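Undergrad: One-letter residues, chain by chain:
Protein chains: 2
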Amino acid sequence: MTPTKYAIGVDFGTESGRAVLVDVADGCEVSTAVHLYANGVIDEKLPGTDIRLEPDWALQDPNDYLEVFKMTIPAVLKESGVAPADVIGLGIDFTACTMLPTTTDGTPLCFLPAYRNRPHAWVKLWKHHAAQPEANKINQTAGQKGFNFLERYGGKISSEWFFSKALQILDEDPEIYTAAGRMLEAADWVIWQLTGVETRNSCTAGYKAIWSKREGFPPDAYFKALDPRFEHVVDEKMSRKIASIGEKAGGLTAQAATWTGLLPGTAVAVANVDAHVSVPAATVTEPGRMVIIMGTSNCHMLLGEKELMVPGICGYVEDGIIPGLIGYEAGQSCVGDHFAWFVENCVPAAYEREAQARGVNIHTLLEEKAARLKPGESGLVALDWWNGNRSVLVDVDLTGLLLGATLATKPEEIYRALIEATAYGTRVIIEDFDTHGVPVNEIVATGGLPDKNQLLMQIYADVSGREVKVGAARQTPALGSAMFGAVAAGAAAGGYTSILDASRAMASLRQKTYKPNPDAQKVYDKLYAEYISLHDYFGRGANDVMKRLKAIKAGARK
Amino acid sequence: MTPTKYAIGVDFGTESGRAVLVDVADGCEVSTAVHLYANGVIDEKLPGTDIRLEPDWALQDPNDYLEVFKMTIPAVLKESGVAPADVIGLGIDFTACTMLPTTTDGTPLCFLPAYRNRPHAWVKLWKHHAAQPEANKINQTAGQKGFNFLERYGGKISSEWFFSKALQILDEDPEIYTAAGRMLEAADWVIWQLTGVETRNSCTAGYKAIWSKREGFPPDAYFKALDPRFEHVVDEKMSRKIASIGEKAGGLTAQAATWTGLLPGTAVAVANVDAHVSVPAATVTEPGRMVIIMGTSNCHMLLGEKELMVPGICGYVEDGIIPGLIGYEAGQSCVGDHFAWFVENCVPAAYEREAQARGVNIHTLLEEKAARLKPGESGLVALDWWNGNRSVLVDVDLTGLLLGATLATKPEEIYRALIEATAYGTRVIIEDFDTHGVPVNEIVATGGLPDKNQLLMQIYADVSGREVKVGAARQTPALGSAMFGAVAAGAAAGGYTSILDASRAMASLRQKTYKPNPDAQKVYDKLYAEYISLHDYFGRGANDVMKRLKAIKAGARK
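Which chain is which? The protein sequence lines are A and B, in order.
Using the numbering used here, the letters of the first sequence correspond one by one to residues 1 to 558.
Using the numbering used here, the letters of the second sequence correspond one by one to residues 1 to 558.
These aren't lab readings, by the way, just hints derived from the structure by calculation.
All values derive from a computational prediction rather than experimental measurement.
Backbone N, C-alpha and C define an ideal beta-carbon position, used for all residues, glycine too.
Treat the hints loosely; a few may be bogus.
[As the list claims (entries may be wrong)] Every beta carbon over 10 Å from chain B, so not counted as near; a handful from chain A, in silico:
#: 1; residue: R118
#: 2; residue: G143
#: 3; residue: S244
#: 4; residue: E247
#: 5; residue: T406
#: 6; residue: P439
#: 7; residue: G490
#: 8; residue: A491
#: 9; residue: R557
[As the list claims (entries may be wrong)] Far from chain A by the CB rule (all over 12 Å, computed), these chain B residues:
#: 10; residue: G13
#: 11; residue: K45
#: 12; residue: P113
#: 13; residue: F149
[Said to hold, decoys possible] With a Cα cut of at most 27 Å, we get these calculated BS3-like pairs of lysine-lysine:
#: 14; chain 1: A; residue 1: K526; chain 2: A; residue 2: K374
#: 15; chain 1: B; residue 1: K522; chain 2: A; residue 2: K558
#: 16; chain 1: A; residue 1: K410; chain 2: B; residue 2: K452
#: 17; chain 1: B; residue 1: K558; chain 2: A; residue 2: K374
#: 18; chain 1: B; residue 1: K522; chain 2: A; residue 2: K553
Chain A with its partners taken away, still in its complex shape (with noise of 0.2 Å):
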């Protein structure tokens, strides 16, 4: 009998890091074990002195990262009892785009001390929002100068993104801009610490930093263009060389070896971004089978085996999520985010009271009265723009709407209004792929919220007419993690040959699935037209009010 083989993966959040170890033959969680970032997110002032970040910056300290692999690696293998040497390989997933400076030798800048002090040294997170002005530049000088790259990524990219990120840089402290040797995902960054050879991968290269298999980065003269001193930005501090998901960076060092009590050598594979790992962890390999992660926001991944473009989406990437396939994401801004706003803002005490008395937690109490409504009987619609529309309207300015309101409305008729708002969200992205020639034709829903909110699901099967499944794992990126890490090691150690292989046996399905109710399908179908014709008026320009009404804010605020 062979012994039992397993493998690790390492899920980076936004405030902290989580491990999994599991068995490479069925994917069952052994052990896990959590680390918070001491320094968290870091945007009111840098650690230990009393420098002032402006709003919209978010940082973080690398240095957290390493201590997630030594607090929590060793904390796995003791829990599950596994030994060292049945560890076959490991896999990390990402936020992204995270990203940081470093010496040519991957040294954060903001480990040194004559850079410690400069907020630009440190690691931007995804959510840093300050290079805005950047990101406009981007998207302007592209048009201008006639590149069609950005087509790509539905006409324009975000300032979230890597190449807004390192242009802030620039801008604002050309110096730490200079004496960056390396400019990198914090993904591959973690790589490099674990293997000691600095590897990209193709899914943040593709996702967030203009890479195509096929076309590579934007040229230089668009870099140019953008700032003469931002020409060579790709040969001077990224690398041309992309690693496809999938495959191997290396083996783990003798000092990375010391901080988790892996063997050295042991496999680690090319790094990954946290909604794109949990697709192959959610069982899907293929095309037709959309994966939406739901959580704070949702994201919504899709395969397909053709470029296609289709408008408004966020991107598509070559092998961006399965090697061989074109992976198709899109997302919506606000999703649990949004019932969180709801929450604490909108619900009143009496409720809370009545959830106290009862032992349950004010969400249940919300899922419960709104499931007792039926579809259409709160006479409400509303927009799901509280924190904008990234797909498929990608603008930021747009803001949330209530429409219906009478005195008789009652907290969980919004509450349920907010939902359907959500689902009318994700229906648009899926009649936007199916209308461009990537089908549509099952949901798997992952992430946070599916087994906290039944409601939820259901109302997301009625409103798209699509079936809703469940992803069984209860980490579904670290365990995506683990499987790629299995692939790292390969069929030979006792893993896989090919990431196919490894969800086909590591990756399962809750049994409880939401089948569209056709009464209720009915009555959303008239209520979705709704949705759409004030979609359409207030996003696509007939009435610019809520830009309108940003612009006097943002006067009222000076």
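Once you have looked at the hints, place chain B on chain A.
TA: Just chain B, lined up with the frame of chain A:
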């Protein structure tokens, strides 16, 4: 020295009646007493029976009105120590249209054992909304037959009005209709009980029963077109003799004197309506100054010298408010109700705790927080249609809208946006009057809200661009009724010759007024433009989503 003379005003509200005894010389309140109606608003089942009422029904017991006289007038006499001989006059005001069927001698049909179990034998309260089919028929028939008398009412009348309710009796219980020797306003019925003389006032006749001084009631041919049995409703059940407000109805009967403790023969004024009687009590007896009665809803009263068509207002009536002038009325169906809805349904527990900890009520806390915001700072705009729109769109099927929400939106921002929305709604009404030749130079606010919410007053001034003054009386309608009582008594008895004289002597304004802030006005002009664009888009047929959602809602509840 002339001995001090007094007058009593009795204000019949929805839940209770209130008597106020005032000094005729200066209107100062000497004593007051309230009596809660024993049967309150009857909207579930008939008192003493298991007979359930349909939705939208709202009845009252006329005996409760008599109890108000019996309980409150002796109480104010006793509390004040005023001698009955020094009370020179009595006036009353009532909700309207609140109507009932009686025998020819004025006995309510619901007092008769034969009819006590018949819902249609009882008083139909102003907010009885079950006569919508009849209102529709009244409006449609007038249009089809080419009658133009509804133009005085913005083109259509409401289910609340007199003929809607009378026709519902005929439709649903023809036996009650036949048994009714008289059908009349409760306002006129209580005057009948006090004086022994059936009198009908020009205010309710004009505003609620399609009567005008020049044209009288609609022609019999019109009533016949509604229903052949309804042809002679005016001559059979009502009266063509309409007394102007400001006239004396008669003297107190011996029986009414025993109820009240006043002297037989004490002058009693023609009945009036709560909102309308408030106008002279708020110092307004001339054109150009709009009185807004701000309570659960807003009622806008304005005087003019000429009969002008102002589209979408509730109506205009010669002698309806002040004898000799045209009284214009418009309204907003949801103001205080709106804020109450918000507080009940949308204020989080944390705010309730904060209010408790600081020992203030939640409205005060919200007002404080909202007052710290600058105009435009919330980025929100709302349509104040939570209870439909009374003026100028006259559409009960419109519903509420909130636009501009983000994840940073706070409860106080929504609260302020709702206040602002009602101010925009008032500005629409003001501009409608102004545009059509009835100028509004200044606002005088009365009712429950002005003293409770200074922020509200300032926002009305800033949004409307008019100075807002506040009536000084604590009980404005009751003071107005007492003033009319003093006019009914006449100058010889120590009262006044006209309501103008009474108003000059007895009504006054608060010293504190609210002047528009020019900076705030500029921002509100921009926000008002956005409100108008949404108001017209959703209210004038470009997108009837609100009506369609109501239809879907009605279908869902079946």
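Undergrad: Work down the list of hints and note, for each, if the structure agrees.
TA: Here's how the hints hold up against the structure:
Every beta carbon of chain B lies more than 10 Å from that of R118(A), the smallest distance being close to 29 Å; the non-interface claim holds. Residue-level check passed: G143(A) sits 28 Å from the nearest beta carbon of chain B, beyond 10 Å. In this structure S244(A) is separated from chain B by more than 10 Å, as the shortest Cβ-Cβ distance comes to about 36 Å. With a least beta-carbon separation of about 39 Å from chain B, E247(A) lies farther than 10 Å from that chain, consistent with its non-interface assignment.
Not every CB of chain B lies more than 10 Å from the CB of T406(A), the least distance being 6 Å, so the non-interface label is violated. No Cβ of chain B approaches the Cβ of P439(A) within 10 Å, the least distance being about 29 Å, so the stated non-interface status holds. Against chain B, the non-interface label of G490(A) holds: every CB pair exceeds 10 Å, the least being about 45 Å. Against the 10 Å criterion, A491(A) stays outside the reach of chain B, whose nearest CB is about 47 Å from its own CB.
Listed as a non-interface residue, R557(A) fails to keep its Cβ farther than 10 Å from every Cβ of chain B; the least gap is roughly 6 Å. No Cβ of chain A comes within 12 Å of the Cβ of G13(B); the nearest lies about 19 Å off, and the non-interface call holds. No Cβ of chain A comes within 12 Å of the Cβ of K45(B); the nearest lies about 21 Å off, and the non-interface call holds. For P113(B), the requirement that its beta carbon stay farther than 12 Å from each beta carbon of chain A is met, with the minimum near 37 Å.
Separation of F149(B) from chain A is adequate, the least Cβ-Cβ distance of about 31 Å exceeding the 12 Å criterion. Taking the CA atoms of K526(A) and K374(A), the gap is about 14 Å. The hint holds against a cut of 27 Å. Among the hinted pairs, K522(B) with K558(A) is consistent with the structure: their alpha-carbon atoms are about 15 Å apart, no more than 27 Å. For the hint pairing K410(A) with K452(B), the CA-to-CA distance comes to about 25 Å; that is within 27 Å, so the pair holds.
The hinted pair formed by K558(B) and K374(A) meets the criterion: a straight-line CA distance of about 10 Å does not exceed 27 Å. Simply put, K522(B) and K553(A) have alpha-carbon atoms about 13 Å apart, close enough for the 27 Å limit, and the pair holds.
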